[in-house]
Each structure stands twice: as structure tokens, then as C-alpha cells.
Amino acid sequence: MDHFIALLFSGVSLGATTALVALGFLLLYRASGVINFAHGDLMTLGTYLAFALATSARLPVLLAYLVALGLMFVAGVGLERVAHAPLRNRPEIVVGIATLGVGIVIRSLLSLWHGSDPKSLPSPVGDRVVRFGDVAIAYQRLLIVVVVTLVLVGLYVLLRRTSFGRQVRAMAADPVAAQLQGVRTRRMAMVSFGLSSAMAGLAGILIAPTMSFDLNYGFAVMMLAFAAAILGGFGSLPGVVVAALLLSVGQQLVGGYLIPNYNSALPFVLLIIGIALRPHGLFTGLSRSRL
Amino acid sequence: MTDHTASRNTAPSVYRRRAWLSTAVFGLAVAVVGPLLATGAVAAHLINLWLIYSLAAVGFYLIYGVAGRFSFCHTFMMMLGAYTSAWLAARPAPTLLSLAAAVVVVAGVATIFALATSRATHFYFAIATLGLTELGIIIFRHWHAFTGPDGVRNNIDYPEFFGVTLRSNREIFWLLLVVLVLGILGVVMVERSPMRREAIAARDLPAVAATAGLPATKIQTQLFVMGSAYGALAGALYGHWQGFVSTASFGLDVAIGIFLMVVLGGSQSVWGAVIGAGFYVLVPEILSQFTRLQTLLYGALLVLILIVFPRGFLGLASDAVALARRAGRAARARDAVGVEEVRK
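Here the protein sequences line up with chains P and C, keeping their order. For the first sequence, the tail end lands on 291 under the numbering used here, and the numbers increase by one without skipping. For the second sequence, the tail end lands on 344 under the numbering used here, and the numbers increase by one without skipping.
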């Protein structure tokens, strides 16, 4: 039972992070039509920025992480300028390939900067744990759940109650009509790249203290997030969160009890099955207008 | 074009490209120049690597260039081909049988995968192929009975055909060259058949193609399977040549590398894949002092090429030729005007 609770908690915290990653690129996809293959590398970048600010620059941990999030917003806008703006009139998949190229650039710059050794990020709540019976749960895992819940509420309010959210939903429903109605697509694209990138960075900063991270860990989380997004119906906000949680908890439990070596394969199997069964998820009328 | 030249070339434009001739010239040129260039061990290795990457890239050209599918699982197909062939060769089985088995197994897996994901749009398909590659790496790392301890298969037999064993780089060069030329001939046959035209119609004008009754899914599946089989052969040959296979030799980097080769060379022609593969093999040599910058350069190049010259090196070359022709015509026109003036 203790083992189960420990697995459950690590599954939930990983799932919450995955949901954050998935929502970040769904936000971008809705607002600009681009699937950002550099999203995972942005998450890695955010983690390394936070690491550098907290350890090398010796800023207070919380401040360092806030500064890192700000820098991530700027990085997202930069990505838009490099990989999206010059290719706006080309097929969207070409932009996707360009983001993949940028992702490689980010990863190799990080390897020049920090090398490829695994690192660990200090937690803003320290290494303290809370005990449930015999199980020790790190405060960081609880923090993840709290922060992700706050971000979800914030995102809901942003999309439903603000002018920006209305414009994003208009772009998602019909980009041409939205443009004709005066939605400023360029500014929208820049802001949503920035927001999405900051969300990726936040996900990295949250999950990194619970594990060691290296250059490729963001990419792995991104694949998990792709699976969650596809299984969650690509665009329904609660659907993606539920799928991310189920996927991560399921992965932990399968790994903990059934087949330890192959548990990391689970998301990919589900991903391929999901695509085989729901091939039109991206453009079906219902899910397209939902966000 | 004037009536005069039109009446001289009545054959459809596909047949005027002299594809057979250029393939033969390419094969002969490499057969002559290759051994001359292969002076040292490094050069011989690089030339063989170029031939293998070219074969894989030619297969990917069918998937991406012709069928227009964005796939990241070519590296998975190469890996599966390499492991299948190595597993069978250790039974032991003749090389020819191992290679054939690699092609058959990969073609089967590719068919199942392509049919399962045939209704997926571009993004979904790209993500599914990414997932397949990651899945493959996990499975190959743990399925020791098939892939060897920790996914590393050592001591794969040298290729042997009818009692002749090919051991050195120089001997294997001939095998690789023959396979590549045969592979390009296969592509030439596809391009001379209606298949290419139909695939391009299905790729660029899906609605029109569907109205015209073209079986888009069937064409794309066939091209995907054929391209993957090329990848399988490239992977299997790589294993027999190097003597070992591991998941590290075919990571996601290779998937992106193959993308780069085809996009860089020019995805509108099979020769683009061959040129791109050459570039991909040469760059690390030129930048050998800056090995750490290599991936950085690849990533930056990918973005730059998509933005600045989307038609790759070949597109750049044909633009240059067109420019030179225009300049030549302009010069001739100037001369003609000059003559007129003198006559007056």
C-alpha cells in the first residue's frame, strides 16, 4: 500500500507537469496553427536557465525562477521571430519542421554551455517531506499540484474572460474570419509563443527538483505530452489534464508492478493507437472550437 | 518554347529527363572516382558511409519528396532492418537471405503502421512516427534475445555472396555502389510510371485527386513501404559493414539527419538525396576541430534552408543555370541589336 501511495504521488506530480506542457503547446496550436516541436527543448532551456540563475548567479531560488520564466517568455517570442514569422505563408507543417531545427539548436547550445552531465535543480520549498503513515512525500510534489492547479484556473480565466482569450478562441475557430474581424494575428502569435514557452519553462522548473535532468529530458516529457494531448482529444482543456494524469499514473503503476523495463513504452503505444483510432481529432468541428 | 522545339520533343516530359542515362553516368562516375578517392582508411570509410546514407535518403525521398509524408521513423526502419539482418546472420544464414528478410520484415511493419495511420493528417502522422521511433528504441534496448545484450549486437558476419566474402572497405564499396544504383533505378521506374504524378497530385491537391478517383491512401502507403524498405536495406548493410549495431547508431539524430539530407539536397529530385547525403557525411570531416558545433550547425542549417532556399542545393543550382541562360540570352539580344545598328 505504501508503495502504491508513493507511485501514485509521483504519477500525479508527473502528470500535472505533463498537462502543463501539453496545454502550453495546445495554446500555441490554437492561436497560430503551429505544432511546436521545440516545446520540449524550451522546457529544458527553462530548467537550465533557472539552474544557472539559482546556482551560478546565486539569486534567491524563488527570484531566480521568476526571472527564468520572464526570460522564457522572451525566448518564445524569439522563436516566433525565427521559425514562424519568415515562414508564415508556407504550410504549417514546414513551420513545425523549422521549430524542430530550432529545438536542435537550443539543445546543442545548452550542451556547449553546461555539458551533457545530469544535473539537479534546488527546490524552492527545500528537501522537506510530509509523511502519510510510512510514506514520505516531498513538498515539491505537493507544490507541483498546487501551482499547476493555479495555472489551470488562470488559463481558464484568460481564455474565457479576457479579450486575449476571445481572440485565441476566434483564431482557433476560424483563422481567416478572425483576421477579417481585426484580430492582430502577428501580435497574437508573438504573445502566444511567449506564453506557451513560459509554460514550458514553468513545467521544467517544477518537475526538475524531483528528478535529475539532462539535455534530453524535455523532449521525453514532450512526447508524453503529445500522447496526453492526442488521447485527451486535442483541445479540450479538461480532457488533456485527465489524460495526462491517467497516463502518468498508469505509467508509474505499470512500471512499479507489472513490467518495469517497458513502462516507458506505454505512452508511445497509446499514442500510436490513439492516432490510429482518432485520426481526424485535429480538425473535427467539435474539438476545434473547444478550448 | 517555339513550335520547332516542341515538334522535336514529342515524348512526354518524364521521358525527356534521360533518367536511365544519368543513373548509368552516376554509377560509372562513382565506380571510377570512388576507388581513386579512397586513398586512406578514413576516405574509404566516408565514401561507404555516403553510399549507405544515400540509399537511406533515396528511400526517404520517396516518402517525403514524392508522397509528401512527414515521417520521423525512417531511422526506426533502418534500425529494425539492421537488427533483423544481424539476428538472422547469427543463426547463421546467408547474407542474401538476411538482407531479404530485413526488407520483408520492415516492409511488413511499415505496411501495418502506414495502414493504421493512413487517415492521420500531417501533424498526427509526424507525431505517430516520432512515437514509433521512441518506442523502437525502448524495445530494442530491452529485447535482448533479438537485439543482443543491451541492444548491442557485435561480430556480425561480413557480407558473403556465393562464396565471396567482402571484408575491407574497398570490397564492400562495390556492394554498396551496386545496391545504390539498383535503388536509384527503382526510383527512376517509379518516376517514369504514373505513380509519381498521381502521388504529387494526391499530395498537393488532395481534393482534386480524390475527385479524379486517385487512391491517395494506396499510393502513399506503397511509397511509404517502398521507402522504408530502402531504409531497411541501408540499415542492414550498415550492420554487415561495421560488424555491430546498437540503438546509438540510429537515434532520433539520424532521423533528423535524413530529413536534412533530403531537404538540403533538394526534395524535388532523387539526386537531391544523394547530394544531401554527401554534404551530411562531409561536414563533420571539414569541421573535425569543432565537433561540438556539428549538431548546432545541422539545426541552424535546417531552419535556414527552409527559410532561404526551400528547394535545396539543386534548386539553387537550377536557379543559377536559369539566371546564366537569361544573361546569355540578354547578351545575344544585345549583340543582335548591335548588328542591326551596324547594318543601318
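Honestly, the hints are just simulated from the structure, not real lab data. Any given hint might turn out to be false.
Calculated Cβ distances over 12 Å to all of chain C for the following chain P residues [stated by the list, open to error]:
#	residue
1	Leu7
2	Leu8
3	Leu63
4	Leu66
5	Pro86
6	Gly115
7	Arg161
8	Pro175
9	Met211
10	Ala227
11	Ser236
12	Ile272
13	Ile273
14	Ile275
Heads up, simulated SDA-like pairs for lysine to any residue below, C-alpha to C-alpha not over 25 Å straight-line [what the hints assert, rightly or not]:
#	chain 1	residue 1	chain 2	residue 2
15	P	Lys119	C	Lys218
16	P	Lys119	C	Gln294
17	P	Lys119	P	Leu258
18	P	Lys119	C	Thr291
19	C	Lys218	P	Ile93
20	P	Lys119	C	Gly251
21	P	Lys119	C	Thr295
22	P	Lys119	C	Phe162
23	C	Lys218	P	Ala276
24	C	Lys218	P	Ile273
25	C	Lys218	P	Arg278
26	C	Lys218	P	Leu277
27	P	Lys119	C	Ile138
28	P	Lys119	C	Asp253
29	P	Lys119	C	Ala90
30	P	Lys119	C	Arg91
Even for Gly, the Cβ is constructed at its ideal location relative to N, Cα and C.
Legend entry - Pairwise hint evaluation, alanine 276 of chain P against lysine 218 of chain C, where the allowed Cα distance is 25 Å at most: Between lysine 218 of chain C and alanine 276 of chain P the Cα gap is close to 16 Å, so the pair holds against 25 Å.
Inset, instruction - Confirm or reject the statement that leucine 63 of chain P sits farther than 12 Å, beta carbon to beta carbon, from all of chain C. - result: holds (31 Å)
Inset, instruction - Mind checking the alpha carbons of lysine 119 of chain P and lysine 218 of chain C for me, to see if they're no more than 25 Å apart? - result: Given pair lysine 119 of chain P, lysine 218 of chain C is violated - Cα atoms ~48 Å apart, limit 25 Å.
Legend entry - Whether alanine 227 of chain P stays farther than 12 Å from all C-beta atoms of chain C, as the label says: Incorrect as stated: the minimum Cβ-Cβ distance to chain C is 7 Å, not above 12 Å.
Inset, instruction - Mind checking the alpha carbons of lysine 119 of chain P and alanine 90 of chain C for me, to see if they're no more than 25 Å apart? - result: Given pair lysine 119 of chain P, alanine 90 of chain C is violated - Cα atoms ~41 Å apart, limit 25 Å.
Legend entry - Nearest-CB test (12 Å) between chain C and leucine 8 of chain P: holds (23 Å)
Legend entry - Pairwise hint evaluation, leucine 258 of chain P against lysine 119 of chain P, where the allowed Cα distance is 25 Å at most: violated (29 Å)
Legend entry - Non-interface claim for methionine 211 of chain P versus chain C (Cβ beyond 12 Å): The assertion about methionine 211 of chain P holds, with a minimum of 18 Å to chain C.
Inset, instruction - Compare the distance between the alpha carbons of lysine 119 of chain P and threonine 295 of chain C with 25 Å, and conclude whether the hinted pair is satisfied. - result: Holds - the C-alpha atoms of threonine 295 of chain C and lysine 119 of chain P are around 21 Å apart, at most 25 Å.
Inset, instruction - Mind checking the alpha carbons of lysine 119 of chain P and phenylalanine 162 of chain C for me, to see if they're no more than 25 Å apart? - result: Answer violated: lysine 119 of chain P to phenylalanine 162 of chain C is near 54 Å, above 25 Å.
Inset, instruction - Compare the distance between the alpha carbons of lysine 218 of chain C and leucine 277 of chain P with 25 Å, and conclude whether the hinted pair is satisfied. - result: holds (19 Å)
Legend entry - Assertion that proline 175 of chain P lies farther than 12 Å from chain C (Cβ): Holds: least Cβ distance 15 Å, greater than 12 Å.
In this structure, the hints that do not hold are numbers 5, 6, 10, 12, 13, 14, 15, 17, 22, 29, 30, in rising order.
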